[in-house]
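Colleague: Each chain is listed here by its residues.
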Amino acid sequence: EPEVTQTPSHQVTQMGQEVILRCVPISNHLYFYWYRQILGQKVEFLVSFYNNEISEKSEIFDDQFSVERPDGSNFTLKIRSTKLEDSAMYFCASDRGVEDTQYFGPGTRLTVL
Amino acid sequence: RKEVEQDPGPFNVPEGATVAFNCTYSNSASQSFFWYRQDCRKEPKLLMSVYSSGNEDGRFTAQLNRASQYISLLIRDSKLSDSATYLCVVNDNYGQNFVFGPGTRLSVLP
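If you're matching them up, the sequences are chains A and B in order.
Position 30 of the first sequence, counting from 1, maps to 1093 under this note's numbering, and the rest follow consecutively.
Position 80 of the second sequence, counting from 1, maps to 82 under this note's numbering, and the rest follow consecutively.
Treat the hints with care, since some could be wrong.
[As the list claims (entries may be wrong)] Part of the chain B face toward chain A, derived, beta carbon under 7 Å:
1. A22
2. E45
3. L48
4. A69
5. N99
6. F102
Derived from the structure by calculation, the hints contain no laboratory data.
We treat Cβ as the ideally placed atom computed from N, Cα and C, and that holds for glycine.
All chains should be built: construct the whole structure from the sequences, respecting the hints.
Modeller: What follows is the structure in structure tokens.
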């Protein structure tokens, strides 16, 4: 069964450093997403991506964040200058289109020191 | 502004019990509804989609009441393996993003 994969599983970084979180969505999916979940809190939407551009983003997704699909398989989330409050689990998801079920990757746990 | 609300939990039930989770959503234009389960420190995994007519999958039954903007999940004959956090998820009709409820934690006890 195809699945969304993410690397690394755990990333530790110093405050102010840049991090790139990587995702490989399911191959025939068209929409890609990033969500985050701060420990003990609910899953929060960050951004959706379709046809090589951002289709929607939340207020969390400020200028420190960017997304990219550098090739036909990878989908990345970059945080330019990490803050302590960026520490969270970051989930990538993908689906085939409107109202379709989203499938989530296993997540990357980001720890900012 | 809370968009999706759920029973606060946790629910602690014995094996074999029937348990019901409730969820309400604020956006009347929402079109798609789902229940996901999330194990500790794992990703959300789809449990079932929720349709207007209601739907059942084995021991799990989901109901949707659009007029009341209410979604429910019923688990019958609960198993130890049902222990998880159950997430009510709503897809805003005007966007692609999922809006997650805070989740209700279930512990099924032997």
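Colleague: With reference to the structure, classify each hint as holding or not holding.
Modeller: Status of the hints after comparison with the structure:
1. Residue-level restraint check for A22(B) is violated (minimum Cβ-Cβ distance to chain A is 21 Å; threshold 7 Å).
2. Because the closest C-beta pair between E45(B) and chain A is about 4 Å apart, less than 7 Å, the hint holds.
3. The restraint placing L48(B) at the interface with chain A holds, with a minimum CB-CB distance near 5 Å, inside the 7 Å limit.
4. For A69(B), the interface hint is violated, since its Cβ never comes within 7 Å of a Cβ in chain A; the closest pair sits about 20 Å apart.
5. At its closest, the beta carbon of N99(B) sits 4 Å from a beta carbon of chain A; the interface hint therefore holds under the 7 Å criterion.
6. Against a cut-off of 7 Å between C-beta atoms, the interface hint on F102(B) holds, since the closest Cβ of chain A lies about 4 Å away.
Violated hints, listed in ascending order, are 1, 4; each of the other numbered hints is respected by the structure.
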